[in-house]
Every structure is written in C-alpha cells, then in structure tokens.
Amino acid sequence: MNHNRRDFLKTASAATLAALAAGYPRRLVGAEAADQKLQPTADRVIVLWMAGGMAHTETFDPKRYTPFEKGMAPNAFLSTFPSIQTAVDGIKFSEGLERLARVMDRGTLIRTYTAGDLGFILHSRHQYQWHTGYAPPQSVAAPHLGAVIARTLGPLNPVVPPFINLGQRLDLGEGEELKAFTTAGFLGSEYGPFNIPFPDQAANSVRPPSGMTPGRFENREKFFKRILAASPIGQQGSGYQQESLLRSLDNAYHLLSSPAAKAFDLSLEPIDQIRNYVPSYQPNQRFDAAQDRFGAKYEEQMVGRFGLGCLLARRLAEVGARYIEVTTEYIPFLNWDTHENGHLRAAAMKRQIDAPVAQLILDLEERGLLDRTLVVLASEFSRDALIEGKPDKKVKDQVEVPEKLEDAKFYGMHRHFTDAGSVLLFGGGVKKGYVHGRTADERPCRTLENRVVIEDLHASIYSALGISPKLAYEIERRPFYVTRDGLGRRIGELFARSS
Amino acid sequence: MDTRESLLQGGDSGLAVKLGKSQESLLIELVSGLDADNVMPKKGTRLTASEIGLLRAWIDQGSPWATGVTFARPRSLNLLPPEPVAKVSASSPLNPVDQILGPYFTEKAVPPGAVVEDRAFARRVYLDVVGLLPTADELAVFLADERTDKRTQLAKRVLGEGEGYAGHWLSFWNDLLRNDYRGTGYIDGGREPISSWLFNALRTNRPYDQFVADLVNPTPGTAGFTKGIVWRGVVNSSQTPQMQAAQGISQVFLGVNLKCASCHDSFVNDWRLADAYSMAAVYSDGPLEMFQCDKPTGKTVASRFLYPELGEIDPTADKAARLKRLAELMTAPTNGRLPRTIVNRLWARLFGRGLVEPVDDMEQPAWDQDLIDWLAQDLVANHYDLKHTLEVMLTSRAYQRPAVNLGEAVSKEFVFRGPAIRRLSAEQFDDAVGQITGVWPEKAALSVPTQPVRASLVVADPLAVALGRPNREQIVTTREMAATTLQALELTHGQTLADRLHRGALKLTEPGMAPAPLVERLFRQALGRPPSPVEAQLAAGLVGQPASAEGVEDLLWTLAMLPEFQLID
Numbered sequence: 001m002n003h004n005r006r007d008f009l010k011t012a013s014a015a016t017l018a019a020l021a022a023g024y025p026r027r028l029v030g031a032e033a034a035d036q037k038l039q040p041t042a043d044r045v046i047v048l049w050m051a052g053g054m055a056h057t058e059t060f061d062p063k064r065y066t067p068f069e070k071g072m073a074p075n076a077f078l079s080t081f082p083s084i085q086t087a088v089d090g091i092k093f094s095e096g097l098e099r100l101a102r103v104m105d106r107g108t109l110i111r112t113y114t115a116g117d118l119g120f121i122l123h124s125r126h127q128y129q130w131h132t133g134y135a136p137p138q139s140v141a142a143p144h145l146g147a148v149i150a151r152t153l154g155p156l157n158p159v160v161p162p163f164i165n166l167g168q169r170l171d172l173g174e175g176e177e178l179k180a181f182t183t184a185g186f187l188g189s190e191y192g193p194f195n196i197p198f199p200d201q202a203a204n205s206v207r208p209p210s211g212m213t214p215g216r217f218e219n220r221e222k223f224f225k226r227i228l229a230a231s232p233i234g235q236q237g238s239g240y241q242q243e244s245l246l247r248s249l250d251n252a253y254h255l256l257s258s259p260a261a262k263a264f265d266l267s268l269e270p271i272d273q274i275r276n277y278v279p280s281y282q283p284n285q286r287f288d289a290a291q292d293r294f295g296a297k298y299e300e301q302m303v304g305r306f307g308l309g310c311l312l313a314r315r316l317a318e319v320g321a322r323y324i325e326v327t328t329e330y331i332p333f334l335n336w337d338t339h340e341n342g343h344l345r346a347a348a349m350k351r352q353i354d355a356p357v358a359q360l361i362l363d364l365e366e367r368g369l370l371d372r373t374l375v376v377l378a379s380e381f382s383r384d385a386l387i388e389g390k391p392d393k394k395v396k397d398q399v400e401v402p403e404k405l406e407d408a409k410f411y412g413m414h415r416h417f418t419d420a421g422s423v424l425l426f427g428g429g430v431k432k433g434y435v436h437g438r439t440a441d442e443r444p445c446r447t448l449e450n451r452v453v454i455e456d457l458h459a460s461i462y463s464a465l466g467i468s469p470k471l472a473y474e475i476e477r478r479p480f481y482v483t484r485d486g487l488g489r490r491i492g493e494l495f496a497r498s499s
Numbered sequence: 001m002d003t004r005e006s007l008l009q010g011g012d013s014g015l016a017v018k019l020g021k022s023q024e025s026l027l028i029e030l031v032s033g034l035d036a037d038n039v040m041p042k043k044g045t046r047l048t049a050s051e052i053g054l055l056r057a058w059i060d061q062g063s064p065w066a067t068g069v070t071f072a073r074p075r076s077l078n079l080l081p082p083e084p085v086a087k088v089s090a091s092s093p094l095n096p097v098d099q100i101l102g103p104y105f106t107e108k109a110v111p112p113g114a115v116v117e118d119r120a121f122a123r124r125v126y127l128d129v130v131g132l133l134p135t136a137d138e139l140a141v142f143l144a145d146e147r148t149d150k151r152t153q154l155a156k157r158v159l160g161e162g163e164g165y166a167g168h169w170l171s172f173w174n175d176l177l178r179n180d181y182r183g184t185g186y187i188d189g190g191r192e193p194i195s196s197w198l199f200n201a202l203r204t205n206r207p208y209d210q211f212v213a214d215l216v217n218p219t220p221g222t223a224g225f226t227k228g229i230v231w232r233g234v235v236n237s238s239q240t241p242q243m244q245a246a247q248g249i250s251q252v253f254l255g256v257n258l259k260c261a262s263c264h265d266s267f268v269n270d271w272r273l274a275d276a277y278s279m280a281a282v283y284s285d286g287p288l289e290m291f292q293c294d295k296p297t298g299k300t301v302a303s304r305f306l307y308p309e310l311g312e313i314d315p316t317a318d319k320a321a322r323l324k325r326l327a328e329l330m331t332a333p334t335n336g337r338l339p340r341t342i343v344n345r346l347w348a349r350l351f352g353r354g355l356v357e358p359v360d361d362m363e364q365p366a367w368d369q370d371l372i373d374w375l376a377q378d379l380v381a382n383h384y385d386l387k388h389t390l391e392v393m394l395t396s397r398a399y400q401r402p403a404v405n406l407g408e409a410v411s412k413e414f415v416f417r418g419p420a421i422r423r424l425s426a427e428q429f430d431d432a433v434g435q436i437t438g439v440w441p442e443k444a445a446l447s448v449p450t451q452p453v454r455a456s457l458v459v460a461d462p463l464a465v466a467l468g469r470p471n472r473e474q475i476v477t478t479r480e481m482a483a484t485t486l487q488a489l490e491l492t493h494g495q496t497l498a499d500r501l502h503r504g505a506l507k508l509t510e511p512g513m514a515p516a517p518l519v520e521r522l523f524r525q526a527l528g529r530p531p532s533p534v535e536a537q538l539a540a541g542l543v544g545q546p547a548s549a550e551g552v553e554d555l556l557w558t559l560a561m562l563p564e565f566q567l568i569d
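Note that the protein sequences, when read in sequence, are chains U and B.
According to the working numbering, the stretch in the first sequence is residues 1 to 499, in order.
According to the working numbering, the stretch in the second sequence is residues 1 to 569, in order.
No wet-lab data here; the hints were simulated from the structure.
Backbone N, C-alpha and C define an ideal beta-carbon position, used for all residues, glycine too.
Take every hint as true, because none was put in to throw you off.
Covered stretches of chain B, going by a simulated chain U footprint (3 or more residues, C-beta under 8 Å):
#: 1; region: 228-238
#: 2; region: 255-261
#: 3; region: 479-489
#: 4; region: 529-536
Make the full structure from the sequences, and use the hints.
In structure tokens, the structure reads:
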C-alpha cells in the first residue's frame, strides 16, 4: 500500500465528488477553527468603487495647495485644491467634498492603503487584485469579494440576488480584463454578480422583457405550469436536475412578484429624495446614453448614473441584498483615470460623489441600517503629478510630464501612485471620526505609518461580517483562501470594539 | 527512507536508526541539532521537542511500520500502453463496450436494462455529435426506418457531418485549449487565437495524434495555445508563458495537474517543482531557473519530459528540436496516457461522468480499468480517429440505457448504470432555440462558410455566459451545469432570449394562420414528439385563433423552458 499524498487525500475525493455533483466547491472546515470567535458587526456590505485611481491629495488627504500658474514646475504642487474642515477636528478633506465632510464623524478614514507592486501599472490588473485579493493571472478562476461573501453567508433575503454590481459596462476598453474578476469564479455562478450597468434602468432587470406586459408575463407563467402538468412524459426520470431547473425558474419569477422587486424601481422614490443624490434630477430623466467624451453632457450622465446607483444601493440594502457594489465606472482615460486635465476632472468627480455618498450614509443612518452595513469607498491606487509606482519601486512612466506647465491641462495628478491611498469606511462596527495611518506632507506623499494592504483590508471586511480571513474553499483538491494564502489580518484599530 | 527495510538498511552515513536505542540513533542526533553543522531538516522549521520525543518513542518501541507501506513515489497509473483486454473478442456480435460491461454489471448486480426508444436515442446522438436537435423530418425518417441496424447507421451518418460536428465540438476544444474570440490578453497582443486551425481540424477530423502534435509543437495557426495569456507587468513566476504551456499540455493531454507544483513541491499530488519546471524548460530557450513561491532558488533545470519512463528529450538540443521531440513523446505508441485521457473525456461527455474522475486526474484507477484500456488501444489501433471512438460509444448498448440521475448517487462508490441525465450546454441551448425559431446570429466571429451561424462561432452574450459558457481565462474541462437563479433571471427576464423568440415568432406567424398545425410543428421540432391532446388544446388556446405572434412567442418560450427540452435523457 502506498501512503502517498494522493491516498491521504482519497477520503477527500468522495466528498469532493459529492460536492461536484452538488456543483459547489467544498468549504474547508477547520480552516476557520484556529481563529477566535468572530462576532459579526455587519450583515451587508456596500462598496463604492472609485475606479481608475483616485488621487488621495485631491480628495481625502489634502496637502499644501498651489494654484495653477503658467510656467510652474510639476513639482510645485501637491494638491490642486484648497482643503476644508470636516465634522471631525483635525481631519481635513479637499474642497468639493463638503457634504462628505459633514458625515466624517460617522466613519473611519484610512489614508495609507498601498497597492501591490505588479510592475507596469495597468488598471485592470490592480482592480483584479483589489477585488479578488490575488494578482492576475491565476491558475484558477478567482472569485470576486462579493461572490465570496454571497457564497459564505448566503442571501439575506432569499429572493434577492446576494451580489449586485451597479454602474459598470463590461463591453468597454479592458472589458475582458474586468470580466476576469467580475465573476464568482470557481465558486459557481449561483454567486455571480447580478449586473446592472445603468441603475436608472434597474427596474427593467426585474420586469418582463420589454414589449411584454405584466399581465402577459403572468399568463405565460401560468401556461408554463399547466403545460408542465399536462406533459405525458410526466415526472418520470426527474430528480435533482429537473427539480433545480424548475426551482430556479420559480425563484426568478418570485423575485419579480415580490416586494423586493420594487426596490429596483427608482421611479417609486420621491423626487425630493432623489435630488439628495442627484441635485439636478428631472422626472423621468434617463442616464443610459453612453458617453465617451469628457464634457458637460458626459458629466451630467455620470453624475446621474453614480448618484442613482447610490440611491439604488440604499434601496437594495433595505430589501436584503448582501453585497452591493456601485462604481463611478472604469472607462480608460475617463472618470478617475485622469491622464490629463486632472484638476478639472477631479473637481467633476468630486461633484459626482459628494452628494450621493453623503446622502447614502445619512439615509442608512436614518433607517437604522448603518450600524449593520459596512460601507467601503476605495480605489485601486492613488495618483501623483510625478511618481509612477512607488518612490522606491518606480515603474515605467505612462504619461508625459513637461518640465514647465505651459498649459493647464497638465495641472493635476496624472501618474499612478501606489504608495498611499484613501479608503473611507462607514458603519458595520467601524470607529467613528477616526483616521488610520499617516502620509508625508511633502512629495512623495507616501505612507509613513500603519500601511494597509489589500489582504488586511479584505480581512477586516470579512471579519466584520463574521467570516474568517483564513477561510478556504477547495478547488482542484487544494485550498483557495479568501485572503491571499490565508495571510490577511483584521486591522483591529479600525473597529469600535477590539474583537 | 521510503520503506522500513530501506530505513533499517541505512545509507552512506551509516545506520539512521538503532532499534530500541533512540539515544544512539543518528536520526535523532541530526534532528536534535546536537551538531550545529549538521542539522536536519537543512531548510525549514526544526522539529519541536515533543516531535523529537515522538520519534524517539517510536524508535525505542522498535519502529513499528506496517509491511508494504512505502513513502516512495508510486508508479503512475494509466501511463503505459494498455495490455490487450481478454474480455473482448472480435468474433462476438456484441459491442466491445458491452462485452466489458457484461461482467461489470453482473458483479455490481446491475439489472440488464431496456434501451431507450428511438426518439430519445436520436435526440442524444444528434446533440452529442453535432450539437443540434434532430429536425422533425430527420426524426420521422429515422422512426420509419425499418433496418435492424438503423441506430448504428444513424450514428455513422451523423458522424459523417463535417461542418455540424466542428460547429459543436469547437466549444469543447475552445474550453480545453483556452481559445476564444475575445478575452484577457488580446488587448495588448498577449494572446493569439487558434480558431481557424481548430475549426478546420475538427471539420476534417484530423487524427488526434497529429492534432496534439500540431499543438505541442506549434505552427503559426496553433501557436496561441502554448503562447498562453500574457498579462503586462510583473507576473508570478509560476505563470510565465513557459509554465502555462507546461501546465496546459499536462492537464489537457496527460490529465495531470501541475499548477500546484509550479510554485513548490505539490501538496495535493506527487509532482515536484522540478517536474513542472523541466516541462516548462522545453518551451524556453535555455535551462530555466526555478522559482519557489515566486522567489529565485538559484537552481536551474534542463528540459525533461514529465514521464521519463516513456522517453527522453535531449536537453542540449535547440528549442525546435526539443519541441519536435516532445510532440513525438506525446503521441508515441509508448504513451498510453494520451489515448486514455482523451477517451475518458469523450466518455465523460457522452455519459455525464468519466471512467476516471476528476477527468484531469488520470493518475487514478478507472471504475473499470478494462474499459478505459480497451477504448484507448482501440483508438490507437484506428489511427487516433476520434470519430471512430465516438461511434463505438454511441452504438453500445450502454449508451442506449435509460438515463440515470447522477446527483443522487452520492455514495462512496460509483456504480455505472447508464448515461447520466445531462443538461443542454449554453451553445446547445442557443442552437436549439435557433432551430425552433429559425433565428440565427447574423455574423460569425470566425470566418467559415458554415450555415447557420452556430453559437460556437460568435462571441459570448449574456445568455450564453449565464448558461455556463466560460470566459476561458483558465482551462475548463468540465462545465458546471447547475441551474442557478441568475440563469433563470436571464431566461425569464433577459432581453437576449426575448429578442430572439420575438423575431422567431414574427417569422413563424402568418396572418390568419390556424394554431393547430403550427403547435404540432413546434412540439415536434422542440421535443421530437407531437403534443398530447391536452397539450395541443392548451397550446392552441395560448397561440390564439388566428395565431398571434405574441401567443407563438410565449409558446416558444414555454417549450424552451421545459425540462424535457433542456435536459438530455
């Protein structure tokens, strides 16, 4: 008899086969046993994804402000906006985030998120790493943070898809790379994202297809049941395949007819409430015209999409979604991905996020949901006018920076900076009015203390939900950990209670 | 130190163990670190005091070790060319698969089953060979056929279709070879498709050994497979193109997983880091430095075939010669793993579960070793003609047995009782919907003169993705086929399917049309049978008199949602 690794694992294969038949990877028991009992402080997560690289010195970690002057050197400015007070003494934000400043006392600000060193900086690679905890390429299909949470905790409300992804079209530039991580991966598509790229049209996702009235939809459902019952084949040879097919169709139908479906319909929200999220909102205004050029029309569309996305997130949280992500959308060279006109674009992006994010926090608080909802606002990396990468780990420059700024289009943060970054956390048990980490006040505005890396940020999010950072799922006979190699550690200082 | 015998024999340094005298045993001296210059293990964490104590107690108790238990690497299974299978006799009238399964069924007390009716058989064959439903006419012809060997004739005829076969099996191979029209890596030249070569190879039924050789020793049309997916920036050393090539070839053609061994000696099988790197070295220009957990080890390895017992590659030869040699070793008659791996995959497709499971772990015994061995040597004896192997399987009585619910067979030991109830794949569903609506995609992503445009020839749409078409970022050898709520949402609310059904209904409905003939036609096309009187009446009521496009659309949807349509049983 050979006692090799294969044989030791033989007992696994029967169970794995069972799991294969059931379709789901086996959760490895014992991986969590080592940890202390995790008391969840959150039941749901909302991630506000600032795709494209949000400059920290232009948003939540302002430094010395220097206005534009023709002929100035790029090294002469650290922030292109003055700073403003927030509701918390000692914490300042960048001008343009006044509403968020007023709710800073509800949350925690991390100033020292640092992205991984992945060489030549590509948004999609860093976004992949942010969302899965692993750098691509991976030998297995790594699951998205939302899918891990959906799989581990299950839905809060059985009819509402547990993982909902708002605001990102997947057929744009780098779309294939985005798809690579916008997935449940090997966990199985039951936990995949319910994608709604245009939040203002979300109601359509839970309505009959266009052209079909609700009455006809109901009749079709009834007819289906009657034909099924009349089938001469009957239920013979049925079993789990047939049952699961019919059950899934039932679930889809129930979502439609359940009260939860109304959450998707933004037209049911009073106009004055909508205007808290999108100040210029007009009744029946649509925000689904694809805009690929920066300008007023574009800005109006993006403000509307993200603002309504935040509103939709609140409504979905109210009816029991487990993980909701709202993004300002990654479009190469647009939104936060400022390769030129950084100052103007940052101003526009702050207009895009300030009102709706602040309102989301206030609304959740008002509805008594904030305490058990962890809200995370983050980006894949930060920006700087000069440094690409980290000061001690520079990578190839991607943007030309002139020695003298003759044109204001060069005034802004156009290079990808990975040695600092701001992450805002609200609710879900985090401390109120707390800053974690310190960055330098002179260039390079890098992390000085309390560096936060992605596995620890994930570990903190998972722990808040009662999920161990050492949890693993079995794939191809080996464990795949929800934080990189199981090494993520919860950052205790972020939370109001130490454990 | 693999067996008790070899441990007690000792080695160059003398005896490792003195039975009953742990304090005099060299083994204990080394692990205790008594000699600072000579500690075991040389690298890694030292044994703790209690672990050393355990070893000492074991030695003092006489080193109990059951006879025959060894830590040596076992001989690989399913590797050497199969021996002739005595159970199979050329003079028997029975299909060889059935000749082998006869004793199996007796031993497992599986009662002999009837075979499924013609309609079910035809549906299986068409879907398994060309990925389409039999048309109502084709089915009618088959049902009326009175030849005693009509099922064999049907299998042969459908296997003879070049375009249809390619249009179906393209998806299977795209999954295995990570090939797609869109995907990660294309954006900056880090990936190449092999679609044209692949479609053509399937259409012409390229012999499998040549097919594999083409991929392993690439030509311009096939280079994309071993080129892999190159993401820009710093990539983990376990995912360089050479490592991807080694992993891909080993998984797809040899049925072994080198992924773990690409970072460190594997914990889940017996492959070592050097094994993975030696294979990868075949694809590199020179010897490769090994990286362990992404850190350089300072050690290089030269090219070496994964199974040196099957043959060697001259590591000093240039890359072109090495690749040629690798292709030879992969496809030589001495390589009994290659044919076994592919017949296992084909069996898994047709029967819902492989002879060896998981299908990417071929170093395990099959549930019937004679069956896999016979099928493998039969493939080789027939010049690696995959269609021949398919024909053998399709014409077996085993294939014609009533379908079984595999999900319930969650017991310790699998017993084969017949093909599993399977579900239409994403592409089969799309194509079947095309057949009942008459609506097909307008433009193929791959320029072939095939009509109609099959689902395998277009880029993935939300419906296909929901139904399980993978993004092919990694190799996929078995798709998950569970029914999920997101799938159902796409099927009931999604615009992709709705549009197609809508357009189909418009095509099918003529002004003033009576419902009954159309209802009958749609049932026959979708389900292969006429509607029962109750069904006919319900359906006519839905469709309306005269037929309305809306009613027809809703009938089409209903038929497509029926388990009878979506399942292959």
